[in-house]
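A.B. asks: Chain by chain, the residues run as shown.
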Amino acid sequence: MTEPRRVAVSSPRAHRARGQPVGTGWSIARDLDERTEPGAVDARALIRAQLRSALLTAGLVLGAVLGLPLLLLLVPALARTRVCGMPLAWPLLVLCVQPVWIVLAVRQLRRAERTEREFARRVDRV
Amino acid sequence: MIASAVAAALTALVVVPGMLAAPARLRGWAAARRRAPAGGAASDFLVASRGVTPLWNAAAISGEYISAAAFLGAAGLLLAYGADMLWLPVGAVAGYVLLLAFVTAPLRRSGAYTISDFAEWRLGSLAVRRLVSVCVCVIGWFYLLPQFQGAGVTLHVLTGAPRWAGWVLVVAVVAALVLSGGMRSITAVQAVQYWVKVCAVAIPAVAVLAVWRLDGPGGVGGGGPPTFPRATVVRVQTAVAVRLPADTEVAVRGRLDGRVHTGQRVRLSQGRHVVAEGAELRFPAGAWVPHAERLPILDDQTWALPFARGHEHPLFVTYSTLLGVLLGTIGLPHILMRFYTDTCGRAARRTAALVPVLLSLFYLFPAVFGALGRFYAPELLLTGDTDAAILMVPQRMLPGTAGALLTGLVAAGAFAAFVSTSCGIVVAIAGTVAQRVLRGGVAAFRLGAVVALAVPLTLVPDVTAIGAARLVTLALTVSACSLCPLLLLGIWWRGLTAFGAGAGLAVGGGLAVAAALTRLFGGPWDGWPGALLAQPAVAIVPLTFAVMVGGSLLTRRRVPRRAAHALARLHLPEEIVNR
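Residue numbers (the working numbering), protein chains in the order written: chain S, 1 to 126; chain A, 1001 to 1579.
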């Protein structure tokens, strides 16, 4: 190897958190990083897949966050409609938006875990 | 009656976490002693044990996030500004969805305890680490201000004690908890306090809603500006300039507009008046409510509808606030640190997915107090203490023992909010500061905790004019403009360099702090400059991202050689890495 010796730059506490003694690398990551091109490609594919699903979730969140004010601003009649004596905006923003976030969170969680499971299966096969 | 209920509630609040903390503290100390020669004491002191389940940790995170802003501020802003303020809880919960999607699992897998650790590990630069530590301190200080301020308002409104009494009380309790227990005890305390807070808003909210349904005014938002529903006596404890929507009769004892009155009736004309300290105003039923000068006078229709206020640039202000809250939630140091207590990246992700559920449950209730406060506690608009809406509504709607007990419960929840959030922030600041000074020993941690509490305590007397929720928005905006871009790019983009990250932190964080300070201590601004200074996130966040990306591209050759390796470490599941 022509590369100079690698120096780990991290706090000792971080090593303990990973459950590893200071100074030892871990095999597959080094493998991915240095030697085997297929391993690196695999890790990149995983990151890209996770990024895609995270960006989709972010898009949905931003869509709702940008869309709702616009909707209430452009269609004042909607906000003025009364439900149980309250303008619609109140039950809409207090009761109806939060479940959307919960659904998006659960969806993102399941997608991320599925992506990881599939990755683990692929690595096992190799 | 009220005072005794409050006293009982406060005692309970101090005793319960104390009991929880004591056994954990003993265990912590024993472990610290055993390991002291190896230098592991501080680590044991800072970090909760790693057996925490996702639900337990999610409750702790929610407990830490529900601060004075959520507890008092959300209701206060609704009372003062109306439906436009319904957006804040929406943005807060949505922020956790983004946190789940982008940050939690990779951050946990990095094994970094603080964001500073993460930055140094990812970029290999001490300079960036220092910049991040500065950001953590500044965000924490901005975040502590409203906690102290909320405690001051709560104690002042309930007992008439001077505002500094509340500040000192919170500082003392937090110092005692953090200095003795460390983080290990705080996980348990935070999780329990989440449920304390939910009960403390939910039970009174259901009670006042029931009373309102039985005898209240039919709907929200039918008439003109607010009036006193019954004869009301207001004692003004700090001099205040008020504006009246229309001519009003009032009996005055004390100094009003520079003239001393001795209890006779005065007819106040529409417009501005100055009420001196110690004056007592007796309003007959149906009198118009004078508003503190900085609050808008809104008729019911305007108050109840979003975007009806006709204030400048409503869409810009709403979007910028939402963006600041959304992205700011991603970069909150004390919240990010909590994920370190999860067992692995997957557990961290599950924890983050539970947080929106718990927060949504909590956020159902503050709006009730904000809305009812307009009818039952309108004198808060006069004194400007709108953050006290949640404390006043129960005792106004349910006089007697029931009201006193409910007020005691709310007060207990409020103090739980101040104390738990402050504890989390202080641990975050102290942990960050302590790790590099004195090799991260317990003494350094304690010194850091004292510094973390002292700075905002000296600043809080100067910021009394801004509500708790707005102060927290400032902290969130700083976080959105500094740590959030660092985390997102550091976790997902291999090309980030120390130079790019540092430049982005300096530009984004610097501008956000400058805007916040101008807002706090500078004069009032109108038009676009005012809107930009109040909510600068939309302008600064893209700039920060641009500087980070641009700076990194300029120094492309200095991309850390281990960047790919680090990214793989962040995203590969633990069971593959450790096989």
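Everything labelled a hint here was simulated from the structure, so no lab data went into it.
In this text, all values refer to a predicted model and were calculated from it rather than measured experimentally.
Warning: the hint list may mix true and false statements.
[Stated by the list, open to error] If we take Cβ atoms under 8 angstroms as the criterion, some of the chain S residues that face chain A in the derived model are:
| # | residue |
| --- | --- |
| 1 | Arg-52 |
| 2 | Leu-78 |
| 3 | Thr-81 |
[Claimed, not checked] To give an idea of the chain S side of the interface with chain A (calculated C-beta under 10 angstroms), a few residues:
| # | residue |
| --- | --- |
| 4 | Leu-62 |
| 5 | Leu-66 |
| 6 | Val-94 |
| 7 | Gln-98 |
| 8 | Val-100 |
Virtual Cβ for every residue (Gly too), placed ideally from N, Cα, C.
A.B. asks: For each hint, tell me whether it holds in the structure or not.
C.D. replies: Hints versus structure:
{"no.": "1", "hint": "Arg-52", "verdict": "11 angstroms, violated"}
{"no.": "2", "hint": "Leu-78", "verdict": "10 angstroms, violated"}
{"no.": "3", "hint": "Thr-81", "verdict": "11 angstroms, violated"}
{"no.": "4", "hint": "Leu-62", "verdict": "8 angstroms, holds"}
{"no.": "5", "hint": "Leu-66", "verdict": "7 angstroms, holds"}
{"no.": "6", "hint": "Val-94", "verdict": "5 angstroms, holds"}
{"no.": "7", "hint": "Gln-98", "verdict": "4 angstroms, holds"}
{"no.": "8", "hint": "Val-100", "verdict": "9 angstroms, holds"}
In the structure shown, a violation is registered for the earlier hints numbered 1, 2 and 3, in ascending order.
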